[in-house]
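Asker: Full structure from sequences and hints, please.
Protein sequence lines, in the order shown, are assigned to chains A and B.
Be aware that the first sequence starts at 1, since it is given in the working numbering, and climbs by one per residue.
Be aware that the second sequence starts at 261, since it is given in the working numbering, and climbs by one per residue.
Source of the hints: derived by calculation from the structure; they are not laboratory data.
Just so it is clear, the structure is predicted and the values come from calculations on it, not from any experiment.
Heads up, some of the hints might be wrong.
[Said to hold, decoys possible] Covered stretches of chain B, as calculated for chain A (at least 3 residues, CB under 8 angstroms): (1) 304-314; (2) 577-589.
[Said to hold, decoys possible] Calculated from the model, a selection of chain B residues having no Cβ within reach of chain A, i.e. all distances over 10 angstroms: (3) 299; (4) 529; (5) 611.
Where a beta carbon is used, it is the ideal one built from N, C-alpha and C, also for glycine.
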Amino acid sequence: MAAVIEAHDIVNKFGTQVVHDGLDLTLQKGEILGLVGGSGSGKSVLLRTLLGLHKPNTGSVIVGGTDVSDMDDAQKKEMAKKWGVLFQDGALFSGFNVLDNICLPLREHTDLADKDIQSLALFKLHAVGLKPETATKKPNELSGGMAKRAGIARSLALDPEILFLDEPTAGLDPVAAAAFDELILQLRRVLELSVLIITHDLDTLVDVCDRIAMIVDKKIVTGTVAEMMKMDHPQIKEYFRGSRMRAVQREPQHNTTGAA
Amino acid sequence: MEFLEDRTSQSRSTLALKGDWTVGNAAAIEAAVHSHETKPTEIDASGLGKLDTAGAWLIQKYFAKAKIENMSDRQKALMEFVPDDQQSVPTAKEPPAAVAFFVKIGKRTTGGITFLADLFSFMGEVFLRVFRNIGNPSHFRLAAITRHIHETGVQALPIIGLLGFGISMVISYQGATQLQKFGADIFTIDLTVISLLREMAVLTTAIMFAGRSGSAFAAEIGVMKMRGEIDALKTMGLDPIETLVVPRLLALLVTLPALTFFATVVGLVGCGFMAVLQLDLSVHSYLARVHEVATPTMFFIGMIKAPIFALLITAICAYQGINAQGSAENVGKLTTLAVVQSIFLVIMADALFSIIFAEMDL
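Answerer: Below is the structure:
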């Protein structure tokens, strides 16, 4: 397996507060990696660092073999086509309807006729399980789950290789959250995506993720759920052996799909 | 790059797919497909490179009826992912343009009437709160009122002063250049003082006020509404109009007249500045002329409008804020709307005042 995105020796400081201190993270091709950590442990900062939205104090992010900080503008634009991001609240453009939100990256990066772009966007909408009627709705008319699905449809517009999901199931009811987990697995299976999920949803961690990366003591500890549960670090123990985790584990639902 | 190869033999028509069928190549693939007129019955995918959803969608779009051979399992899975029928955007039926035009006029008219009715009932609600608490002044939030007086009044002094000074200089200058032709220079002072006292001071202050403080009111209250803070107030048993609107109204009823007075005084200084520079008058004779021209009636005609304008501005801006709907992008729209509406109504009210005062021979 090859790494699609690698972070080496990342140090992030805000004033005197050190968030990441020599952190390493690797996302392998075709895997679903769950990024966890307590509130304020720097998950969002790490995501922003990986996406190049935040420049780390030291360390490097390597995408497709090239250091992001060495890239020129054209390379950065190419890189933006390689990944799709679902932001926490969808971050759909409020001035556009759902269809135009999905069309935007296609209009920007391809030379297709507008009719074809719309039709392709409708296919993406269908792929994430939304009805064609949703296409003409404005983002503020959508429910939380629909907005997240529309957000995924937009992030998939350019057929990315890597998908970043920031708390995709937060605020969804259990049924919608389970359907969303299923959608992530299906998309990975069909599109051969590599997925990084930031989540607090223990069901997602157990059912969907191949590996877990936890931010502990400003560094990353990785392992499968089973491995994480055996670790002795007090913070990891607290997270993976708490009463909520035990409740999830009682009904074993093993991830049968595995990495592609 | 080649994407298609015609391998049609006598017995069957076959197209071979080549290269990467990806979203980046989609436009070129479209062109390639259109250049092959033949409708193939068979597709050979053995030479196919990368395939993504856009490529699968193109294959489905053009070769749905053909038999596809030599696809890898993953590519087959991807093909199954594409829906069989091409969907189209549902469009709502729109009435013909002529009808739509009248429908729009009708909607705007009823919308305007409802808005005015709503605005007056909102003002009524605000007054109700004011009168209900008039017996026990401790219910008025003194801290909030002083904060608003500071923000809308004290902090606005420099800009309002500058504006009053500038406006009176412009009027004096324009007046002087015209009146000098008739040798009636001295009437420049009459012109400036009268228009300043009766109209310009209060009007410019009110307009600046709507832009500066009214927009802030609308945005502050609008954001609170959208973030659910207004509902939070209600669940705690606090009345949003009493907590948010009444203090702002009371503060504005103090600051707008005060600022109008300030603008008038600074305006008179500005006029004097022009009189000394342009008309070669001494300070003493300028003041004597002002004393002759200005009457208390004139001063009060200007000042009486200030609280009315303050009421209009607060009512409209707070009304727009409290009735905010939708997402954050609407804050910009509602703020613009609040400012435009309040300036419009201020000028309408001013016109009404002019008619009333004319009828009263003032």
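Asker: For the segment 304-314 of chain B, count the residues whose Cβ lies under 8 angstroms from any Cβ of chain A; is that count three or more?
Answerer: As far as the segment 304-314 of chain B goes, the hint holds, because 3 residues have Cβ atoms under 8 angstroms from chain A.
Asker: Can you take a look at whether the segment 577-589 of chain B is actually covered by chain A? Rule is 3+ residues, C-beta closer than 8 angstroms.
Answerer: holds (count 4)
Asker: For residue 611 (chain B), which was marked as not at the interface, is the minimum beta-carbon distance to chain A over 10 angstroms?
Answerer: 37 angstroms, holds
Asker: Would residue 299 (chain B) pass as off the interface with chain A, using Cβ distances and a cut of 10 angstroms?
Answerer: 19 angstroms, holds
Asker: Over 10 angstroms to the closest beta carbon of chain A is the bar; see if residue 529 (chain B) clears it.
Answerer: 47 angstroms, holds
Violated hints: none; the structure is consistent with every hint.
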